[in-house]
Structure formats: structure tokens, C-alpha cells
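**Student:** Given next are the chains, with one letter for each unit.
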Amino acid sequence: MFFKLALSNVKKSVKDYAVYFLTLSFGVCLFYMFNSLDSQQSMLLLSETQHAIVKSMIQIIGGLSVFVSVILGFLIIYANRFLIRRRKKELGLYMLLGMEKGRISRILVLETFVISLFSLGVGLAVGAFASQGLSVVSAKMFEVNLNNFRFVFSAGAFLKTILYFGIIFIIIMLFNTVAVSKYKLIDLLNANKRNENLKIKNLGLSVILFLISVVCLVYAYRCIIHNGMMEINLEFWQAIFFGSLGTLLFFMSLSGFLLKVLKANKRIYLKGLNMFVLRQINSKINTNFVSMTVICIMLLVTIGALSSGIGMASAFSGGIKEATPFDASIISLYDEKNKKSVLQDGEEITKIIGDKLDEISDEHVEISLYQLPIKYGDIFFDSGVGEDRKLSLGYFTETGIVAMKLSDYNSVLKMQGKEEISLPENEYIFNCNYDAVKEYYDKSKYKSISLDGREYKLYKDDMLGIQYETYMTLNDFGTFVLPDKALEKYKPAQKVLNINYKGNAELCEEKFKKEIFDGFNLNQRFIEVTAKTVRDQSISLKVMVSYIAIYIGLVFLITSVAVLALQQLSESSDNVERYALLREIGAEERMINRALFAQIFIYFMMPLALAIVHSIVGLYVANRVIMVIGRINIAWNTVIAAIIFLAIYGIYFAATFLSCKGMIREKSKD
Amino acid sequence: MSILKVENVEKYYGNKGNLTKAVDKVSFEVEKGEYVGIMGASGSGKTTLLNCISTIDFPTAGHIYINGKDITTLGSKKLAKFRREELGFVFQEFNLLDTLTAFENIALSLSILGTNPNEIEMRVREVASRLEILDVLKKYPYQMSGGQKQRVACARAIATNPSLVLADEPTGALDSKSAKMLLESFERLNSELNATILMVTHDAFTASYCKRIIFIKDGKIFNEIVRGNDTRKEFFHRIIEVVTLLGGENSNVF
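As they're listed, the protein sequences go chains A and B. Each residue of the first sequence is one higher than the one before, starting from 1 at the first, in the working numbering. Each residue of the second sequence is one higher than the one before, starting from 671 at the first, in the working numbering.
Chain B with its partners taken away, still in its complex shape (with noise of 0.2 Å):
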């Protein structure tokens, strides 16, 4: 069963006259335990798209099933229990909050889900430990390095075992060195735990860490491409063929 099934979605901005289609009639399907990355320029309409399964958007017309629900259907009150319950978040900007220490930021998401008290430090020790930041969990978000931060939000994303994991630009602010690990443990998360991860960039070498990934081109799906059996190697440089395909069409403008 697909765990996400995006059908048809379109998402308007502006009135009549002036009219921008930022996503166009998208579709497509993310089976449970795939990691899937989605591609494209800025303004292609990759973050809004995301926005719109992640349901802090709602799209002008088609449907998203998370795990079967219409989350196109549902009201503000049960999109915060359906948010809290299946979706775990990743941002480009760490959001941790900053009078919390890591225990307490990862401790958080499961407290508002109404975990049983005794249950929530068992299960921010067993994240941790697997994102390799038990030593930082009593550190504030001001006495840590961008890759930590980035580490302790994952593992708040993924402590309350989500349905489908939402990572929006998630190595965008950091250096190549955290970058690389952070997207390890992504991989790691993807193969021993088997999330469902989906991963918005524009960066060939992060999304070369996915095994499909989806190209995006002014608000319509331009292609499509699975890593199969290629290395990481093999898998970035057919990456690297579709984003120059997708530039090269600018340059016929010339």
C-alpha cells in the first residue's frame, strides 16, 4: 500500500487576471519505506508542493492521501492531531527551540502526542542514540554545531514514529562535512528503521542519497528517475544529466 498518493494536485496563486499555477496537476505515489527526493529550481514549486502534503498549504484542487486519508478533507482541528500523529518534519533552518535543551526539543513532539511520560526519555535515548547525539542531549541549540541541530531536529521528526518524514532542504545551512552526515543518518533511518522519507533540494549530491527522485519543472512533473542497483556515484551523475536537461531548456531562450 502507498503510504503517500498525491492525485491531480494543482495549487493557484493570484485572481483571474494575473494567475500563477505554482504546482499544475502533480500526481504521483510514495511507497511505505521509500526514500524519495524531490528536485527542481527555485520557484518550480517543489517547497509549495511539499507545503501542500505536509498540510501547512491546502491546494486549490486535487487530493493527498496520507495512509488512505483525504488530508484535503479534514478540518484545522484534526489536520493538528493527523500532523502530530503522521508526519515528522525536517527544516532548512534546524526550528529547534531554543529555550529547550535537545532532550527537551526531541522530548516535545512526543509529550504534545500525549506519550506516557515514562515512555518519552526511553524513546529520546533510543533516537538519539541512533542519530549519534546522546552526548548533546543536554545542550542548548546555542551551544551546538548546525549538524547536531540538524541531527536533534531529525530525531525529533522521527521520535514519534510518523508515517511519512518531511525534510524540507534539510543540509541547506549546513558545511559539506555535516551535510554528509546527516544525510547518512538518513539513510540509515531509510534502511534500518524503514521510514518513508520525502526530501526537497536542489542540490545533485544530497538528493544523490535518495532512491527516486522526481524533478519538478515550473510547477509540472518534468521526470522522473530511480537509483536501481547504480552506485551513489553512477546514480549522481545521471542527476547531474537531468538538471543540466532541465537548465539547457533555459539556454534555448537565448
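Same shape as in the complex, but just chain A (with noise of 0.2 Å):
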């Protein structure tokens, strides 16, 4: 009899329930997917680096589940509040009639067992299917082929998913069931009657509080601006500060402004509904600007998340190119302790190998790095360059530069296929390819160094940056090459092997881990890199990087627009009595529908219009950044996250539109 009245009460309000119902499906659905990776990578052929990143990335997002589940539990918790109160009368009723108030939240409970377990049976349902569209994509960003592409179903996400939302559904059934036993039956039976303390603002007040807002924002935005997103000092903080109080303000008096300021206009004011329209959105923004606000913010953190994370993940692998000119590297360490080589005198990588690289290679130079004792810090910054630069770049200034010898430097270039270069007996070439340096060392007015007595100057008053081994990224701080004959005296600090594979490359990678590096047992005193592992692992962290960005980017946006749906859906039983009245004055059903309309779409639009206008900056500073570490534009990425950001933006604009269009509908057949 109860699970009767429980289901038909669900069926009765599946209007209500849409938006309820799409969030709790969109929720499960992600949690799925994005928990189910871990099975999908069993399709995928990848390679060692990338399977420890993979697991690292499903470590990472495991732990974001919890905090993207507790989202989630909040947001369920608000919907379902917001059901009950708009049921509110219903409830009184069984109560009147004489029902226990346990046997009414007996009837909630099952109430939202079932819309639970619709929901999560739909979103599991997506999630599976989407999932495999997941796959693809992940082929598709690791850049290799899904080797038997099946359906794949994730038991583990599956549980997980059931065990989170379990919890979830359980704390709202106690909820509501708390909620049930403090309400008393006259307020339950007088839910319907109008609150009619509206609050309701100075509109004078509004446009001073407008235009302080848009103060504080352009200050904001002028203090981002200048002062980026790196460093996080003072003025970084007075940006967000003033952002978010700014963002406050806004909302807390637009409409207010937008009302003093078409109040003026009498041909647009007193035009059909717009009076109606503006007033109605008056009065909720009044009363709802702090959420407002937080959307607002959450909104430009997708934005941000969505379209500069994906931009971010491109910029790592921007520069990988340049940074593994060679197959493979084998770098000898350096005993920064002891200020001490780990070679012993004499010893040759290509002598500990010896015939095994022939293997491998018939191309290979074997080169030698000197520690002067000039330290970098007096090139640098005894000659201008202020001492906040000095804490930037931190213990490099104490560090000895870094000398090569002008022979090793053209086997490098040969090697490169580049020309070589032939230095007058008095010079040197600075060689760096590290962004930060290079300005530091442009600004430095020093052009030459002395050593052992003698001047050297720098050759053709420029600076070279080839990158002369394979590296993560391009990491030359500063080389000095001088004339072999400077650097006689001086024992290597550090030897570099950097060879060219001969015929399959595989083949020859597998060769060089396994029977070269760690056959020799080098891996005590060398590093090896290769570009195949460089690439692999910039890879990897894209996926990563992108992944976790748009789950929670996702998450972040689904919890906006569920929010700002049902404040719209909530106001419904105010706005049915409201536009009932508009058709008995005679307002036409087009009329109305549009008025409706505009009332939903301008309350969707305000906050992600401010968002949108936010990210523009955050992303206009954002962009400098990442251009700065990989000179990768973001304007493609950010196409794509509009066009999902839209597509879920729409739905739920639809969804909620439908809704009220439905309720106010309903009453006008009574």
C-alpha cells in the first residue's frame, strides 16, 4: 500500500523530478566513467612510462571521487529539499488525515529509493556506453590504436559507484526523515500561502553598489593582469579579494541597476511583459545573490578547468621536440653535496659499453660538461639585474657555470646536422634555451668572463640554444663553450652520451634499457632518458592533466546549473499564481511563454555571462603562462569546452523551462 502511494506519488511528479532526476543520472554517470579507466587501459597498447602515469591518474582521480562525491551528496541534498518543500501540503494532508509522521517518512524513504534507483540504473547505463566512447578518446590522446576494441564493463567502477551513491541516498533518506519529524502541521498546511516579506532593495543604493562593483572588478582584473599567474604575492591576493567581492557586488545590485536604468526607458519598460520579467528576476536575484556568486565562480572554474587545462596539457607536450634532438642520452650525475663529479679520472661512458653500442648505433658522441669556478650569480646579477630575481632562480646563482669545450660543441651540431662553428681564440658562445635565463642573461649587461687570467668575449654578441643532449624539456641554464685549450686543465664534472639508433627503433630502445643501462649497471652514476620515454610521459600527463580538468570541470558545471534549475523550479509555486493572474488580465499564452522564457534564460545567462567575462582575463593571463612553457595556443580547446559547456548548459536550461512551463500550465486546467 505505501510503495503504491510512493510510486504513483513519483510518477505524478516526474515533472518535478526532471531536473532531480537528470542531475542524479549526469552524476552517476560521470562517477562511472571517469572510475572505470582503469579497466579501459586494458584495451589500450601502452607503454611502461605510460601505464605508471595511467595508475598514478587513476590513484589521483579515486582520491577526487571523494570530494566530486561529496559535491554531489550536497547537491542532492539541496534538490531533495527543494522537493519536499514544494510537497509540503501533500504531506500535511496524510498527516490531517491522521497518518505517523514515521509512516509518512517511510513513504519519502521509498519515494526516493525508487527515484535512486532509476537514476543510478540510467546513469550506469550511460556511463557503460559512454565509457566506451572514453576509450576511443584515451586511444586517441595516447596516441595509439585500441588493439581489440570490445565493450568493456568495469565491476569495480560499477561497486564503487553503488557503494557512493549508496551512502549518499542513505544520508538523504535520514534527512528526510529528520526533516519529516520537526515539521508542525499548520506550517505544513499554510506552505502554500506567499511569503510576502520580499526583500527588497533601495534601487538608488543598487547603482552606487553597481559601480563600486565594476570598480573593484577592473581593479581586479588590472592586478591579475600585471601581475600574472605565477607568483603569488600580495597583489595576486588583492586580485582575488577584489574578483570575488567585486562578483558579490555585482549580483547583489544588477538587477537593480538593470530596473533604475530601464525604468528610465519607458518605451522598453512599459513595453508587453517586460516590467513583469525584469521585477521577477529582481526579486530572485534579491534573495539569491550570494549563490549567485558562488555559480558565478564555480562557473568560471570549469570555464578555466575545461579549456586552459586541456591548453596546459598541450603546452607540456609542446617543446618535446626540441628537447630530445637525440634517440637516447645517457647522463652521468653530479655530486651536488660534495661539489664533486661521480666519474672517476679518465672514465668514458662509451669505454664502460664499449662493442654493445654498435648494436644499437653507428652514431654517437660522447661529450664533457666542466664546473668553472665562476658562480652564475656573478654573471647574472652583480651587473643590474634586482635582487628579487636572485630568489626566482634560487640556489643556481651559487652554482658554478656550466663549460663545454668548443670540439665537443660542434660533434654535438655535426650530429644535429648543423654547421659548425669555428671560435676565435678569445671568445666564447653562450649557448641557453631556458626562457627565464635567457631574459635574465639579455638584461645582464655582462658580455664577458675571465678565466685563469684571460678575457674571453662573447662571440657575435648573441646567444646560441641548441640543446645538446635528450631531456624532459629544453634545460640548458646557461653553457659557456670556450676553446678547448681553456678547459685543458679542468677535469669533466659531467659526461653526456648521446646516440642515434640504427635500424629498428624498438628493437634498439628495448636493447638500450635493458642490456646497455641496466646491463652495465649504470644506473647508479647515470641517467638515461630517451625521446620515446619524454614523449610517452608528456603524453600520459596531458591525459592526465585533461582528465582530472574535465571531471571536474564537469562536475563543477552539472552542480551550477542544477542549482540555478531548481532556484527557478522553486519559485514555480509563486511564479504559477503569478502568471495565472497574467492570463485572467489577458496576457496571451504566447505572450507568457515568452515572458517565461526570457525570465529563465536571462537568470541562466547572468551568471555565466560575468563567469564568461571573468575567464576571458583569467584565461588572457592564463595563456602568457603557458605560452611562456610551451607556446601552444588554447583557442582550439577552448572551442571544444564551449561546445560541451553549451550542450549541458542547454539541457538543463531546456529541462527547467519545460518544468515551469508544465506547472504553470497545470494550473490554468484547474
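Please note that the accuracy of each hint is not assured.
What the hints assert, rightly or not - Result set (BS3-like, lysine-lysine): computed pairs, CA atoms no more than 27 Å apart in a straight line:
{"hint": "1", "chain 1": "B", "residue 1": "K809", "chain 2": "A", "residue 2": "K266"}
{"hint": "2", "chain 1": "A", "residue 1": "K340", "chain 2": "A", "residue 2": "K351"}
{"hint": "3", "chain 1": "B", "residue 1": "K691", "chain 2": "A", "residue 2": "K271"}
{"hint": "4", "chain 1": "A", "residue 1": "K414", "chain 2": "A", "residue 2": "K457"}
{"hint": "5", "chain 1": "A", "residue 1": "K271", "chain 2": "B", "residue 2": "K890"}
{"hint": "6", "chain 1": "B", "residue 1": "K850", "chain 2": "B", "residue 2": "K691"}
{"hint": "7", "chain 1": "B", "residue 1": "K751", "chain 2": "A", "residue 2": "K266"}
{"hint": "8", "chain 1": "A", "residue 1": "K263", "chain 2": "B", "residue 2": "K809"}
{"hint": "9", "chain 1": "A", "residue 1": "K260", "chain 2": "B", "residue 2": "K747"}
{"hint": "10", "chain 1": "B", "residue 1": "K747", "chain 2": "A", "residue 2": "K271"}
Claimed, not checked - Have a look at the derived ranges for each label pair, beta carbon to beta carbon:
{"hint": "11", "chain 1": "B", "residue 1": "D727", "chain 2": "A", "residue 2": "L93", "range": "23 to 29 Å"}
{"hint": "12", "chain 1": "B", "residue 1": "D727", "chain 2": "A", "residue 2": "S8", "range": "25 to 31 Å"}
{"hint": "13", "chain 1": "B", "residue 1": "G917", "chain 2": "A", "residue 2": "G102", "range": "17 to 23 Å"}
Just so you know, the hints here were simulated from the structure itself, not pulled from any lab data. Where is the CB? At the ideal position from N, CA and C, for every residue including glycine.
Build the complex from these two chains, which are given one at a time in their own frames, with help from the hints.
**Tutor:** Spelled out as C-alpha cells, the structure:
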């Protein structure tokens, strides 16, 4: 009997539940998709490096999922509260008929159970299919083939989803039970009576607040554009503070300001239902400006995460080609603590490996790096570059400059197919490919060094920027290439062996790692870097950052729109009466629909519009950061992000509009 | 010419097995400038009749002509147009939009009508001064007294110069002082602006302000009295007599 009542209640209020259901299903679907990544990776032909990163990604996503489920939990409780509030009168009637509170709670528990079961089912089903799509996307991003595409169902993710959402549902059931036990019959029966105590603000004050908010926002933008995002200092926090304050004031005053401005224009204000729509929005925002602010900031995070996250990831992979000029490098370590080389006198990597090297390579070169008794700090900072710079470069200033013999430099140039350089006796080449250092070096006017009583001048008064070893990034902080004679008396601090493979690259890579690097037990004193490892790593990193950004972004997005939708729907009981009145005084159905559309549209667009303005500024600043790292523009990613974003926003908007329209219609049929 | 002509209007609820005749073959006419009251006990069908006239509900049979137009044959779109151009409403519960000021509530009916924005302000002020609510124009409904709210609703109803003003228990939610003020306003609108008013009430005092009263019982017209040259007090006593007669029949049941 109670089950039947609960079931028919659910059926009856399907329209009310639409947004609730949509949100739950979306949440479940996302949760499953991202937690099923580990079963999907079995389909992908991943290298070991990639496997390792995917593993850590899955761990991070697992941790994030706890956070996500907390957010979704709050959202679901919020949505549930709205549903209960809408049904107060019905619950009151049950009580009036003599039903005990315990039984009413039981009906609500059953209802929640039915809805939850249903949305869990739909969410998991959609998630199971959507995750197949995700595998295809993963394959594309990892730049590997799907070895055998088949339908993968992740039992682990399935159980995890059920567990997490099960806990959320149980909390909701408890929540409802407590809520019901607190209700008083008189309040429930009078729930439909409108709360007449509207918060209406002085419009003149709104104009002043609005101007203050604009000033705050402009100041915040100026701070962040001037300061950038890399340095977290007072100016950065100022930008955050004034940005948030400006946003809050903006929503507090916007509708009042618009009202004031449009009121002056009678042609617009007194046309059709414009006045009504404006007042509707005004009354809603006046009570909800805090949540509007939070939503706006969450949307900003979403836009930022979706576009910038992906952009940042592709920036990581941007400089890979330049950073890995050789198939593989073996680089000797340097004992920083004792300022001592790990190499023994006259030791050479080529000699240790011996003939084995010829099996994989025809083309290889070993170079020596020296550390001279001159410090970087002496060169860069004693000549006009400020103290603040010294801080950001840290220990680097206290390190002796790295030097290289011209003959080694030329052999590297030759191996890279570049023209060799003949250097005059008293000159040096400055080689550097790390942007920040390049900038400092440019600024310092120090253009000569003295070594062992001899002056060396900068070659051609310019710097070069080749990468002389294969490494994860462009990592030359500044190498001084000197004539061979100048370094004769010094001992090499480090040695680097650069190798280009011959024949089958995959076989060579395997041989290089297993037989050479591990075979000769080099890992104590050397590191190996291969172009393939770097590429795999950066691709995996890209996938990881993208997935995490998309996961967080989507959850924030759904939370924001769901709250917007619920706020519009929760107002609907008041709206029903208002719109019925409009109908009675002769407004046509088309006019009413247009007014409803405008009301919901403007309500949905307001936080989005400000979030977009915020993110244009944010992305402009972030783009500069990303361009420093990898020179990749994020415009393209922004387009994809925008499409996903608008699709979800649109679905929620449509669902809200149709639900509201349905509610208004219902009343007119009575 | 009559503004309103009700011809054999019937409104049935339920199905064949269980038929309720809420309105049963009612016919009457209202001339321009008349102030007519419809009286009856609750459940007598007076509100159903008013709903049919106000095009909110449709009669099962019969015709209703307003300004010579048969409103029972109009489509829903034309009905909305008809409603906003020809009718004005005053409800028991005021039905003001709580988000709008008094000025805006009155202006809304004009802006829905598509009146020139420059004219709207003038018209609102004119109507407001007639109803003595100029000083509350800037207030919101929650800041007004019941009487003020009802006069704002009244201003909204007549701002568009409707052919017919329909009032459903307009004093129902007012205290006696406010009720009196409102009824005096109605009387003035009727005599000065020649507004045609049809008011539904079950209160004899309220009804005594009308020029003619139609009594309804069980869906049928029971009686009709005209004030003529009587004072209001005399008219009130005549109404009471009819009301007693109306109720009196019930007492025969025992």
C-alpha cells in the first residue's frame, strides 16, 4: 500500500523530478566513467611509462572521486530539500488524515529509493556506453591503437558507484526522516501561502553598489593582468579578493541597476510583460545573490579547467621535439653535496659500454661538461638585475658555470646536422635555451668572462640555443662554450653520451634499456633519457591533466546549472499564481511563454556572462603563462570546451523551461 | 444597447450518472452604465456564472454576448485579446503581483494591451487620483493595507476602460471601513465614469450599493430587485427580505 502510494507519487511528479533525476543520472554517469578508466586501459597498447602515469592518474581520480561525491551529495540534498518543500501541503494532508510521521517518512524513503534506483540504473547504463567512447578518446590522446575494441564493463567502478551513491541516498533518507519529524502541521498546510516579506532594496543604492562592483572588478583585472598567475603575492591575493567582492556586489546590485536604467526608458519598460520579467528576476536575485556569486565562480573554474587544463597539457608536449634531439642520452650525475663529479679519472661512458654500443648505433657522441670556479650569480646579478630575481632562481646563483669544449659542441652540432662553428681564441659562445634565464642574461650587460687570467668575449654578441642532450625539457640554463685549450687543465664534471639508433627503433630502445643501461649497471651514477620515454610521459601527462580537468569541470558545471535550475523551479509555486493572474488580465499564452523564457534565460545567463568575462581575462593571463612554457595557443581547446559546456547548459535550461511551463499550464487547467 | 446579454446559459458538472447543474438556464441583460449585483448563498452557482461571463470558464450550453460579440464561440487566442480589451477584474484576494509596485501593477494591464508607454503613466495617475491611491503608487503590495490593495486592483481593472468590470466578492477580505471606502469608489466610478459593473457577493450590505440585484438559487434565477429611487437603507432592507425568503425555504426542510 505504501509502496503503491510512493510509486504513484513519483509518477505524478515526474516533471518536478526531471531536473533532480537528470542531475543524479549525470552524476552517476560521470562517476562511473572516470572510475572505470583502469579497466579501459587494458584495451590500449600502452608503454610502461604510460602505464605508470595512468596508474597514478587513476589514484588521483580515485581521490578526487571522494571530493566529487561530497559535492554531488550536497547537491542532491539541496535538490531533495526543494522537492520536499514543494510537497509540504501533500505531507500536511497525510498528517491531517492521521498518518503518523514515521509512516510519512517511510513513504518518502521509498520514493527516494525508487528515484535513486532508477537514476542509478540509467546513469550506470549511460555511463557504461559513454565510457566506451572515452576509451576511443583515450586511445586518440595516447596516440596508440585500440588493440581489440570490445565492450568493457568495469565491475570495480560499478560497485564503487553503487557504494558511494548508496551512502548519499542513505544520508538523504535520514535527512528526510529528520525533516519530517520536525514539521508542524500548521506550517505544512499553510506552506502555499506566499511569503510576503520580500527583500526589496533601494534602487538608488543598487546603482552605487553596481558602480563599486565595476570598479572592484576592473581593479582586480588590472592586478591579475599586471601580476600574472605565476607569482602568488599580495597583488595576486588582491586580485582574488577584489574579484570575489566585485562579483558579489555585482549580483547584489545588477538587477536593481538594470531596473533603474530601464525604468528611465519607458519605451522598453512599459512594453508588454518586460516590467514583469524584470521584477521577477529582481526579486529572485535579491534573495539569491550569494549563491549566484558561488555559481559564477564555479562556472569560472569550470571554464578555466576545461579550456586551460587541456591547453596547459598540450603545452607540456609542445617543446618535446626540441628537447629530444637524439634517440637516447646517458647523462652522468653530479654530486651536488660534495661538489664532486661521480666520474673516475679519465672514465668514459663509451668505454664502459664498449662494443655493445655498435649493436644499436652507428652514430653517437660523448661530450664532457665542466664546472668552472665562476658562479652564475656573479654573471647575472652583479650587474643590474634586481634582488627579487635572485630569489626566484634560488640555488642556481650559487652554482659554478657549466662549460663545454668547442670540439664537443661542434660534434653535437654535426650530429644534429647543423653547421660547425670556428671560434676565435679569445671568445666564448653562450648557449642557453631556458626562456627565463635567457631573459635575465639579455638584461645583464655582462658580456665577457675572465678565466685563468684571460678575457673571453661573447661570440657575435649573441647567444645560441641548441639542446645538446635528450632530456624531459629544454634544460640548458646556460653553457659557456670555450676554446678547447682554455679547459685543458680542468676535469670533466659530467659526461653525456648521445645516441642515435640504427635499424628497428623499438628493438634498439629495448636493447638500450635492458642490455646497456641495466646491463652495465649504470643506474647508480647515470640517468638515461630516451626520446620515446619523454614523448610517452608527456602524452600521459597531457591525458592525466585533461581528464582531471574535465572531471572536475563537468562536476562543477552540473552542480552550478542544477542549482540554477532548482532555484527557478522552487520559485514556480509563486510563479504559478503570478502567471495565472497574467492570464486572467488578458495576456496571451505566447506572451506568457515568452516572459517565462526570458525570465529563465536571463537567470541562467547572468552568472554565465560574468563568468565568461572573468575567464576571458583569466585565460588571457593563463595563456601568457602557457605560451612561456610551450607556445601553444588554447583557442582550439576553448572551442571544444565551449561546445560541451553549452550542450549541458542547454539541456538543463530546456528541462527547467519545460518543467516550469508544465507547472504553469497545470494551474490553468484547474 | 446592452453591454452584456446572457442567454439560456447552462453549466453542468459530472457525467450522465451524476449530473450537477451549477448554472441552469440563466438569462439576463446588463445595460451600459448599470451597476448590477448577483447574490446567492455559497454553492448557488454565482461564481460559476461569473467565471463563464469572464471567459475563464465555458458554459455547457447557451450564449453570452458582450458588446454584441458571442464570447462562447471565440478561440483561446481571441479570448485573451477580448479579455484584455473588454473586461476588467477585481478579485476577493486582490491578486496583485507581489513583485511589482502599485504603479506597475496598474501599468501592467495597459502594457499588455500595448498602450503607448507615454500614455500609460498619464492614465495610471488619472485612475489613481480618482481612487485616492496616488500616495501608495510607489509601494509594494506587502506595504499596503487590504483596502489600498483592493483599490489598486480596482484601478488596474478600470485603467483599460473596459466595457464591463467584473468583481468577485471584492469586499470579502476587507474590514468594514475599507469595504465601505471601496464600495463608495465603485459607486463613483459607476456614476462619474459611467463604468458598467457586475459584482458577485453574498453580503447584503455590499449588495445595497448596486442599482439592481439578481438573486440566484441552485443555479436558477430566483428573484430580481431594482433599487429605483430608494435610499440605500431602504434598499438594504428589501435585500434582507429577499435573503430571508431565500434562506426561509431551506427552513421548510425541517
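**Student:** Now tell me, hint by hint, if it's right for this structure.
**Tutor:** Right, here's what the structure says about each hint:
no., hint, verdict
1, B:K809 / A:K266, "holds, 19 Å"
2, A:K340 / A:K351, "holds, 21 Å"
3, B:K691 / A:K271, "violated, 43 Å"
4, A:K414 / A:K457, "holds, 24 Å"
5, A:K271 / B:K890, "violated, 43 Å"
6, B:K850 / B:K691, "violated, 34 Å"
7, B:K751 / A:K266, "holds, 23 Å"
8, A:K263 / B:K809, "holds, 16 Å"
9, A:K260 / B:K747, "violated, 33 Å"
10, B:K747 / A:K271, "holds, 19 Å"
11, B:D727 / A:L93: 23 to 29 Å, "holds, 26 Å"
12, B:D727 / A:S8: 25 to 31 Å, "holds, 29 Å"
13, B:G917 / A:G102: 17 to 23 Å, "violated, 47 Å"
Against the hints set out earlier in the document, violations occur for numbers 3, 5, 6, 9 and 13.
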